[in-house]
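As given, the protein sequences belong to chains P and R, one line each in that order. Our numbering puts the first residue of the first sequence at 758, with every later residue one more than the last. Our numbering puts the first residue of the second sequence at 3, with every later residue one more than the last.
Be a bit skeptical, because a hint or two may be false.
To be verified - Restricting the straight-line Cα-Cα distance to at most 16 Å, the calculated cross-link-like pairs of lysine to aspartate or glutamate (EDC-like) are: (1) K760(P) with D857(P); (2) K827(P) with E813(P); (3) K858(P) with D58(R); (4) K59(R) with D857(P).
These are computed hints drawn from the structure, not numbers from a lab.
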Amino acid sequence: AQKVTQAQTEISVVEKEDVTLDCVYETRDTTYYLFWYKQPPSGELVFLIRRNSFDEQNEISGRYSWNFQKSTSSFNFTITASQVVDSAVYFCALKINRDDKIIFGKGTRLHILP
Amino acid sequence: GAGVSQSPSNKVTEKGKDVELRCDPISGHTALYWYRQRLGQGLEFLIYFQGNSAPDKSGLPSDRFSAERTGESVSTLTIQRTQQEDSAVYLCASSLDGSGGYSYEQYFGPGTRLTVT
């Protein structure tokens, strides 16, 4: 069975600090996809990144970076120099290639304090 | 272009009544998903449509829940005889065709907040 664990339910940091959101996944499939979504207070989920299981390269997009490590089944998300606008709930998700469903973690609520 | 739209944005209904929620996916997106998000919780998969294939209904919590999709466009989620535990935000998402072994990202609508009193 597939599972996504986001152990941090809530994090608070002061603006300009770096923060890492953890995501650990479980699957026996060798082909799968991992996603991160942001859900700001407005409620609408925003796609951030997709990574397939064959691409372990880390990715950086502005202040956002993702560290994919198959050895530890983790796909962690780091925000550098956090800003108040980063305050949101962040979801990590997993989709295996032979299934239609996307399994979401329970989310991490991030508070960036001014 | 236009994103995924959902209507109504808010719905308050009395216990026992039926409700119908609507989703308009992004044009050209053949895959459509419904999720339920209870307050402070993650997303719970309900149902998935892909083109003309039979939908994956494995996430529907009871036979009071059903969904339809007209071709590759509008979808409606119907909840019959609503219960208080059905209160949640119902999210719809669409994506490009995922067949052929590639999984495209989903684009989400703003959701319908359902309150059953």
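Non-conforming hints, listed in increasing numerical order: Every hint satisfied by this model.
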